[in-house]
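Chains A and B, in that order, are what the protein sequence lines are.
Heads up: the first sequence runs through residues 1 to 115, numbered per my numbering.
Heads up: the second sequence runs through residues 1 to 109, numbered per my numbering.
Some hints could be false.
Unchecked claim - Calculated lysine-lysine pairs in the PhoX-like style (CA-CA distance at most 25 Å, straight line):
hint, chain 1, residue 1, chain 2, residue 2
1, A, Lys22, B, Lys96
2, B, Lys57, A, Lys19
3, A, Lys22, A, Lys41
4, A, Lys19, B, Lys81
5, B, Lys57, A, Lys36
6, A, Lys36, A, Lys22
7, B, Lys96, B, Lys68
8, B, Lys81, B, Lys96
9, B, Lys68, B, Lys81
10, A, Lys41, B, Lys96
11, B, Lys81, A, Lys41
12, B, Lys57, B, Lys68
13, A, Lys36, A, Lys18
14, A, Lys36, B, Lys68
15, A, Lys36, A, Lys19
Unchecked claim - Partial list, derived from the structure: chain B residues whose beta carbon lies under 10 Å from chain A:
hint, residue
16, Asn30
17, Phe33
18, Gly40
19, Glu41
20, Ala42
21, Tyr48
22, Ala101
Everything labelled a hint here was simulated from the structure, so no lab data went into it.
Virtual Cβ for every residue (Gly too), placed ideally from N, Cα, C.
One-letter residues, chain by chain:
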Amino acid sequence: ETGVTQTPRHLVMGMTNKKSLKCEQHLGHNAMYWYKQSAKKPLELMFVYNFKEQTENNSVPSRFSPECPNSSHLFLHLHTLQPEDSALYLCASSQEGGRGHVEQYFGPGTRLTVT
Amino acid sequence: GQNIDQPTEMTATEGAIVQINCTYQTSGFNGLFWYQQHAGEAPTFLSYNVLDGLEEKGRFSSFLSRSKGYSYLLLKELQMKDSASYLCAVRDGDYKLSFGAGTTVTVRA
Numbered sequence: 001e002t003g004v005t006q007t008p009r010h011l012v013m014g015m016t017n018k019k020s021l022k023c024e025q026h027l028g029h030n031a032m033y034w035y036k037q038s039a040k041k042p043l044e045l046m047f048v049y050n051f052k053e054q055t056e057n058n059s060v061p062s063r064f065s066p067e068c069p070n071s072s073h074l075f076l077h078l079h080t081l082q083p084e085d086s087a088l089y090l091c092a093s094s095q096e097g098g099r100g101h102v103e104q105y106f107g108p109g110t111r112l113t114v115t
Numbered sequence: 001g002q003n004i005d006q007p008t009e010m011t012a013t014e015g016a017i018v019q020i021n022c023t024y025q026t027s028g029f030n031g032l033f034w035y036q037q038h039a040g041e042a043p044t045f046l047s048y049n050v051l052d053g054l055e056e057k058g059r060f061s062s063f064l065s066r067s068k069g070y071s072y073l074l075l076k077e078l079q080m081k082d083s084a085s086y087l088c089a090v091r092d093g094d095y096k097l098s099f100g101a102g103t104t105v106t107v108r109a
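Next up, chain B with everything else stripped away, as it sits in the complex (with noise of 0.2 Å):
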């Protein structure tokens, strides 16, 4: 089976920075999204990385690692909108995502 770990829950202040990882181990391999979504909406689209190296997005990063089946999510310069809960998900064929169970980020003042 597929199995994708992320931490639960990451609190940080707002304007500093959190890195969410993300470790996966999964049949096959076609690329690794982050999503985030707000309390009671839609997962939103954040990021793709399917090569090796870091995506930058401007206050957003993800990094991935192939050969270590892992990857992060930068957030920087952080918002009180950013309290949300961030989804790792890789895509291991055709159509299919494969989700961790997220991780809930709270931005303090």
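Just chain A, same shape as in the assembly (with noise of 0.2 Å):
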């Protein structure tokens, strides 16, 4: 496997259910993102870990957890959603601290559909 993988890149799940997405990079990155994607809308950013400590939540609600177990993975555990919450989930890595242009690099996405 290289770069990003994310899995399920698909989900329906009812608004009682426990689910969680699954991040990996494979790119020994030191930091991971979490991002929604809603349609016509801009990439939200969630989530932030840097060398697994968290170091951003954009107010996020906390039926959203995110975990981060080590620098390569990252999870997103889910309970009781609400419908709104049905979007494109994306996960991101990059190398941050060092020296020239820091770009993210993503993976597929895991689009969620909340009934």
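The task is to assemble the complex, starting from two chains supplied on their own in separate frames and drawing on the hints.
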């Protein structure tokens, strides 16, 4: 595997379900991110982890719970979601603290539908 | 808050040139990125500008004017495979990228 992978690619869940999204990066990066992408809206940054420490939480509802067990893996635990949470959830990684520009590498996303 | 504006849609003919403008008002500035995103796929990095001027990479060029809060992405010799959404993003500090809503470019034969 190369780059950033995400599983599952598609997920349909009811409002009372609990599920988790998984992200893995194979690039040796030290920072990982969760974004939400809704139709016709900008990507919204949800969480940032740098060296496994959460450095940003953009006022995300508590029904979304991130977990970063190591610098290569990132999870997003979901519970009691609302229909408006239906979106594409993108994971990204980058190597911070070095010289030059720092681009973020994105995974293919999980298309989430809440029924 | 951050404000990044770009047109919603653009259409052009195969072989033509298209210029996608992006204006931004952010609390800080540490570089501007352009990403390409095909439907159902991950955004992929196209270009980066941190100093004023033009950066050229094959058929793609990106320009930045920090004093005007303005950038554009220029796509030359358009091909059908260039039909995609193009995202402008500003890095306004450590780690954080703020994105525009994206410009959907449709290339017609």
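Hints versus structure:
1. A:Lys22 / B:Lys96: Roughly 21 Å between the alpha carbons, so the hint for Lys22 (chain A) and Lys96 (chain B) holds.
2. B:Lys57 / A:Lys19: Measuring from Cα to Cα gives roughly 42 Å; hence the hint is violated.
3. A:Lys22 / A:Lys41: Cα-Cα ~23 Å, so holds.
4. A:Lys19 / B:Lys81: With a Cα-Cα distance of about 35 Å, the restraint between Lys19 (chain A) and Lys81 (chain B) is violated, given a limit of 25 Å.
5. B:Lys57 / A:Lys36: violated, 29 Å
6. A:Lys36 / A:Lys22: With Cα atoms ~14 Å apart, Lys36 (chain A) and Lys22 (chain A) stay inside 25 Å; holds.
7. B:Lys96 / B:Lys68: holds, 21 Å
8. B:Lys81 / B:Lys96: It is violated: about 30 Å lies between the C-alpha atoms, which goes past 25 Å.
9. B:Lys68 / B:Lys81: violated, 32 Å
10. A:Lys41 / B:Lys96: Within the cut-off at roughly 17 Å; holds.
11. B:Lys81 / A:Lys41: Within the cut-off at roughly 23 Å; holds.
12. B:Lys57 / B:Lys68: holds, 23 Å
13. A:Lys36 / A:Lys18: With Cα atoms ~18 Å apart, Lys36 (chain A) and Lys18 (chain A) stay inside 25 Å; holds.
14. A:Lys36 / B:Lys68: The hint is violated at about 29 Å.
15. A:Lys36 / A:Lys19: holds, 16 Å
16. Asn30: holds, 9 Å
17. Phe33: With Cβ-Cβ at 7 Å, under 10 Å, it holds.
18. Gly40: holds, 8 Å
19. Glu41: holds, 6 Å
20. Ala42: OK, holds: Ala42 (chain B) within 10 Å of chain A, min 4 Å.
21. Tyr48: With a minimum Cβ separation of about 4 Å from chain A (threshold 10 Å), the hint on Tyr48 (chain B) holds.
22. Ala101: Result: holds, 5 Å to nearest chain A Cβ.
Violation of the numbered hints given earlier is confined to hints 2, 4, 5, 8, 9 and 14; the remaining hints are satisfied by the structure.
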